Amino acid sequence: MAETPNVRPIDAVTASVIQGALENIAVEMGWKLMRMSYSSIIRESEDFGAAIIDRHGRQLCESKHSTPLQSGPIPGYVKGMNQILEERGQTLNEGDVIIHNSAYHGASHGPDVAFIVPVFHGGALVGYAVTTAHHLDIGALSPGSCGIVDAMDAYAEGLQFKALKAYDRGVANEALWHMMRDNIRAPDMVVGDMEAQVAASRIGAERYLALIERQGLDTVEAAADALMDYSERLMRQAIEALPDGTYRAEGHVDGFLDDPDRRHFKVAVAVTVKGSELVVDLDGTARQCDDRPINMPLEGTVDCAIWLTVRSILLDSESFGHIPQNSGLIRPITIKAPEGTIANPTFPAPTIARFVSGNIVADTLMKALAQAVPDKVSAGVGNLKVIAFSGIKDGGHWVHMDIHEGSYGGRAGKDAMDAVDTLYANTRNNPIEDIESHLPLRIARYELRDDASAAGRWRGGIGSIREVSFLSDSFISVEGDGHAFRPWGFDGGAEGREAALVYHRADGEDIPFPSMMPNRAVKAGERLTLTGTCGGGYGDAAERSADAVAEDVRDGYISRETAESVYGVIVTESGQLDTAATEARRGSG
Amino acid sequence: MKLIGVDVGGTFTDLIITDSETRESAIHKVPTTPDDPSDGAAAGIAALCERSGTAPDAIAHVFHGTTISTNAVLQYDGAETGMITSAGYRDIIHIGRHQRPQNYSIMQDIPWQARPLVRRRHRLTVKERRVPPQGAVLEPLDEEGVRQAARTLRDKGVEAVAICFLFAYIDPTHEERARAIVLEEWPEAFVTTSARVAPQFREFERFTTAAMNAFIGPKVRNYVRRFEDRLKQAGVAGDLHIMGSNGGVATAAMVADVPVITLMSGPAAGVLGGAWAAERSGRRRLITFDVGGTSADIGIVIDGHYNEATARDTWIGGYPVLVPMIDITTIGAGGGSIARVDAGGAFKVGPESAGSEPGPACYGRGGSAPTVTDANLVLGRLDADNFLGGEMTLAPERADKALTDLAETLGVDKHEAAEGVLTIVNANMANAIRSKTVQKGLDPRDFSLVAFGGAGPLHGAEVAAMLDVPEVVVPPHPGITSAAGLLTTDLKYDQIMTAFQVKGAVDIERINRDFARLSRDLMAQYEAAGLGADRVEERRAGDLRYVGQGYELRVAFPAGELDAAGLDEVWQAFHALHEREYGHCFTESPIEIVNIRITGVGRMPKIAAPPEPAGGSLAAALVKTARSVFRVDGALEGYDTAFYRRDALPLDDPIPGPAIIVQKDATTVVPPGWSVRVDRSANLILRQGEEE
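So the sequences go chain by chain: A and B.
Residue numbers for the first sequence follow the working numbering, so the first one is 1 and each next one is one higher.
Residue numbers for the second sequence follow the working numbering, so the first one is 1 and each next one is one higher.
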């Protein structure tokens, strides 16, 4: 029999009961936030997080609806808040609600604002109920909160809330709320979303307190310890199964392709496995960009990208099922990034557009780990792009964010996931029928790219084409990646395809746009074509079964010409596999 | 009038026959015949007629709960399906909402990509395009293109076609025209349109629903026809009605056309059956708790009304489905749920289940994993000799072995381990109930838990205790409650339409026009089913949200013509509901009417309340006294526990726990500190504390 972990039985039962109760709380918080909120970025894209944090600052549970980049940083928000409060000599009281978004104090970036409700039991602080959410606007230099790619420092990114009391002992801090309304575009929507966050965080606090009252504080804390130990144990077992050694990889972020001094930022990853410990060192990563927001907070973005990747590979929920998402999971992982790099910038370097860089950290880490666990990774993953659309209608601002998906690379024994949000992002698109019913936009096409799948024994993912027409004069800004570097192929698989963005002017001229572009005006009748990234192929194309290639041709994923020239598979015009011709062709190499 | 209910489950087909004059009912259980469930069902009907001395031609209606459509989806075993869709949007059902089902997984499959309902080769596009808000034609329908596509699909061997155009929910003319063309070219095809199946915005979900309807269409159509044939051959005169997910039945013809409405057929019948039983005892606020071998289905019924799941929460086999369904929470927790200690040392129960083959270790069919049933047996809560009315003997030594092994891993004795299994599975069920009550602003202390299904009455009391639910109701035949539920339904059809109208600028005339159209369409459906308007009740409602929100709440609309005062009531009702659901409302914010809908309720004959039980005596009911193990105030102890036969219990005479009530189709556990009595409606009523 395998080594039996040292678990006291009553703890095992109670731990299981309390785990269920904790998760139920986080789910309820997330669910209520999502349903009450106004902006599509929260309610449709699900770009929010919800978690309960214990009094030591450890995460006990998270909402399964949330996107990893939102729930993951929550312990960091709490830590950053406490640090600031301590510096100021402030204390938390019952009834307080704290607003916090400082990217240099645990926040993921400015637009991801946390509302933190401290939970008191018998007068003592016992934990925190926290929601985070991406807000459409926080008063930056141009409308929206994506595509603010010309913010030159943290001050240009919008309002900075450094551990402020939005409610002080239950009383609203009116001055703060007025200031927000006065400095945020589309204040009804944004403040409405913030109120939804406060309500959801308060529900979480109420439920956590009820759990403590039902089970007793000691029991809940003992169970929480056991749950964290459990998650840690699983992670250590998974790391121990890796061969000791150091695995290295490099990746690149586009940066500002139209600016020779601010593009092609390198991300270097060295993963060292030693026993059950894993060290991720980003030494060699590009120096920070002092005046453009490509930089990533180490706490809040880089760490989340790393935790997510390690967990998704080593404790893949497809085979491990549900594992409590808590701070125990990250104990065996150490992260190092030299100060002054894009992965650990110094204040006030701007960070608002850190979204795409973090996904390159995740992808590069996977590339490094691929050497240790080739059968648990995908080939290179295609990065994403966010377009912020805005305009003036009926005297107010309208703002809409469209996240254009990438795709994954091929996997051991499986083709890739096509046209999907990737790595630490997992948002949802907006229905075309919703967008066109409510905004002066038309989505004129939304389909997979033609003949673009990266070849491999297991083919790479196929990105999508999305065409947007403007029905009124509007503004757009772009925060994306993937125009300059192709997702990596693995083990003989082909490289994937880059993304592209083309602007079709009314006069017929087509203008390619870079992947990062500050706010600019567009006119009614003009169009934009977004072409999404395609992930890399996995394994040698010559080893892909001829039947699978013929199926790809029938489904229009690849052309007959590609089948022949790349795979050496001959498919007739009617879609039949020509076995003899294929054997002749493949046999002859 | 004689009615039959037939509920086909995974292992057994449950049958009930009732006579509305004598109020007498008889029940029967036969093995399910998976290859063609109508086989077993027909045999069961014949046997039940014979047993009850009923001539088949005296049966007025047969009501049927089926898993045929659900299984086709779950087993990915449907028709070769084609789609004709708007040019430029071939891959809507492949891209979906571009979200991965699992956050933390590289190796996951995305259901709609790994198991497409329509493969890409069969998704053909034609030129056509409408635009909101009125559905103006931007691009006329390319009729020749449709004709060509129909021929291509036919020649490729496709059996069913879904026609899916953007904005068809505003104006279905293009879809209808395309459907007519396909049928001209290819009359025997199963053709469905997105607006017929789900006339609501959100193209991925609507197209997927239409594709699923086509995917399961030929199979269900054939099944329904075969079932009808068998009934005819058996001499049954009455019509076949099939249970829908919305809590009503539909005609066989309707289901043959829109099979996607039956995906939750069985669980829906369970909610109705549980409610029917408990309401006879005067209970009005109910948590239905239907526990079988692999899953527990939980529903909420208040004053005879159950909630419908919101369109965003209805999924089958990982695919979204936009059809009205009773709001039922299903979790993987049942008698067959397997207990284990995983590699990290966590103690887990379910969702994996031993099912009925091999089943729990104590079934002696080769299963060795400890299950919930084994735990109940080890704790002395099941009688090995009185399982399924003695038709099946359990092997306690095998349960013992399975739990002893588990206990060793945990380092405790077997009773601790067994009780741990029950505590975990009960907590999972209690959490699911909490998510439907506490989280929705409902206080469980105001509710009764209606426990049924083979395993519900075993767990009811302890789950209720976890939630402070004061009382448990166990229906007369817990194991066939779903079949009985089939005999409590009405013919229920829904008409839905997306409206997108905002407070302050509502075109009341348009809403009334739209309602009138929905009403006409609805009545046409009832006429086709042979029901006149006088037998149909209309319920109007709307799906509302604050402008900008993405989720709607269902609000009842006043009957008849809507006016300004009526509309004002609707706004107020929405604020109140929002407050109840989320603990918060925004009275200053504008509200949007997203969808309007009419639900028709066509009265059908029903099962009558059973006669009052004769009542026996405790002495006559006593089977034996044995040790059963319970945890009381933290201590796990054996108690001398009386086992009673349910049918011999005295009427209205409270019996203190611990006690175990056995009957053919279920076992009811009455823990120490609880009492039980048989009430005049033939339900068991379990209460915590002394009966007053």
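No lab work stands behind these hints, which were simulated from the structure alone.
Being a predicted model, the structure only gives us computed values, none of them experimental.
Take the hints with a grain of salt, since some may be wrong.
Stated by the list, open to error - Quick partial rundown of chain B residues pointing at chain A, CB under 7 Å, derived from the structure: (1) Arg100; (2) Asn103; (3) Met107; (4) Gln113; (5) Glu203; (6) Ser281; (7) Gln439; (8) Lys440.
Note that beta-carbon positions come from the ideal geometry of N, C-alpha and C, so glycine has one too.
Do the hints match the structure? See the list:
1. Below 7 Å, beta-carbon pairs count as interface contacts, and B:Arg100 has one with chain A at about 5 Å; its hint therefore holds.
2. Look at B:Asn103: its Cβ gets to within about 5 Å of chain A, closer than 7 Å, so that hint holds up.
3. Checking B:Met107 against chain A: minimum C-beta separation of about 4 Å stays under 7 Å; hint holds.
4. A distance limit of 7 Å between C-beta atoms decides the matter here; for B:Gln113 the minimum to chain A is near 6 Å, and the interface restraint holds.
5. Nearest Cβ of chain A to the Cβ of B:Glu203: about 5 Å, under the 7 Å cut. The hint holds.
6. Checking B:Ser281 against chain A: minimum C-beta separation of about 30 Å lies over 7 Å; hint violated.
7. Of the supplied interface hints, the one on B:Gln439 holds, with its beta-carbon coming within about 5 Å of a beta-carbon of chain A, less than 7 Å.
8. Nearest Cβ of chain A to the Cβ of B:Lys440: about 10 Å, over the 7 Å cut. The hint is violated.
In terms of the numbered hints stated before, the structure departs from hints 6, 8, listed from lowest to highest.
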